[in-house]
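Protein sequences appear in the order of chains A and B.
Heads up: the first sequence begins at 1 in my numbering, then just goes up one per residue.
Heads up: the second sequence begins at 1001 in my numbering, then just goes up one per residue.
In case anyone wonders, no lab produced these hints; they're calculated from the structure.
Be careful, since some hints might not be right.
A few chain A residues that don't get close to chain B, going by computed Cβ distances all over 10 Å [unchecked claim]:
id, residue
1, G21
2, F28
3, K32
4, E36
5, G41
6, I43
7, E55
8, D59
9, R63
10, K73
11, K80
12, K88
13, V89
Distance condition first, Cα-Cα at most 25 Å in a straight line; then the derived DSS-like pairs of lysine-lysine [to be verified]:
id, chain 1, residue 1, chain 2, residue 2
14, B, K1211, B, K1119
15, A, K88, A, K16
16, B, K1119, A, K88
17, B, K1119, A, K22
18, B, K1119, A, K37
19, B, K1211, A, K16
20, A, K16, B, K1005
Keep in mind it's a predicted model, so treat the numbers as computed, not measured.
Even for Gly, the Cβ is constructed at its ideal location relative to N, Cα and C.
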Amino acid sequence: MSINKLENQKSVIVRKLDIRGKVCPMTFVYTKLALEKMNEGEIIEVLLDFPPAVENIPDSCRRQGLAEVLEIKKIDRNKKVWQLNLRKV
Amino acid sequence: MNLSKDQINRYSRQIVLKEVGGIGQERLLNSRITIVGLGALGSPVAYYLAAAGIGNLRIVDFDIVELSNLHRQILHFSKDINKNKTESAYEKLQALNPDCNIEVINDRIIPTNVKDILKESDFVIEGSDNFPTKMLINDACVNLKIPFTIAGVLRFHGQLMTVVPEKKTACYRCVFRDIKDAPSGMSCSQAGVIGLVPGMLGCLEANEAIKSILDIGDLNVNKILYVDLLRNSFDFIDVYRSENCLACGDKAKDLVKIHDYGGNMVCQ
């Protein structure tokens, strides 16, 4: 698992968090820890493969006022891998 | 400070909480709490605070473990009889959470050493078994401006109050004035106690400490919680700061230096 800082053209910092192999609640724990280190408005891409987390992470982020969900997409149909894009609020 | 992988795992169920998170967990790990008394109240306090990842726990007691302690003082096991309570506690807490740096003070708290023992604490838990010590901790904490919580238990009853000197909340002396000794017959050894009563009150004391460190929720200030576990009643009694209080009032003095705490400072 790694957290990388990238900068896109709009100068919004994008972090990447790979939590494939993690299950709930650790999926949210790692997402939350990453979000806590970010500034408001910054975006994080989370890669995960534990199906319940696809709903649980956005739910918990909303409930705790941590981030808004920009996008949820399945990026690998065979291997069940999802990407969540979250913006820190 | 970055939490290690093991720490993230160990504290995951706290980090998940909105009120804690990684930031709160780091705050707990950087805090120092002093526990006065490793008996029936101090036992659950010490276990839960060590488990929660309080980074520095200062544990204070001078007593040794006796057989008659074991029904309520759950830090201590049968094999610990005749051992110092601090030593017995240290072994358990160290085994429970090696993250927790445990500072042992095997000494009786008296007016001449109390400030040294409490200094640099972010919070103090009073879990002794006698009024003179409770008053001494109150007066010293008020003087040092350290938030603290005091609990007491007897039979099936317990009571608890928290004091935040910086916010000028009512202190123990505002309520109990100059009480020096419990009325005769009012001690655990004479009146008896069900072990879980201090257990429960100790848990509430630990909760007060955690909330204070994290600056979340409400502390039990300006009121006394009175619990009767025989009748399952939980009552809150409002108490008020006294302007004339010798410890925290407008003309308060450093009582620790001048006051006669009376009693024999030990519950026999």
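Here's how the hints hold up against the structure:
no., hint, verdict
1, G21, "holds, 13 Å"
2, F28, "violated, 6 Å"
3, K32, "violated, 6 Å"
4, E36, "violated, 5 Å"
5, G41, "holds, 19 Å"
6, I43, "holds, 19 Å"
7, E55, "holds, 16 Å"
8, D59, "holds, 12 Å"
9, R63, "violated, 7 Å"
10, K73, "holds, 25 Å"
11, K80, "holds, 23 Å"
12, K88, "holds, 13 Å"
13, V89, "holds, 14 Å"
14, K1211/B to K1119/B, "holds, 20 Å"
15, K88/A to K16/A, "holds, 13 Å"
16, K1119/B to K88/A, "violated, 39 Å"
17, K1119/B to K22/A, "violated, 43 Å"
18, K1119/B to K37/A, "violated, 32 Å"
19, K1211/B to K16/A, "violated, 33 Å"
20, K16/A to K1005/B, "holds, 18 Å"
The structure does not agree with the numbered hints 2, 3, 4, 9, 16, 17, 18, 19 stated previously, though it agrees with the rest.
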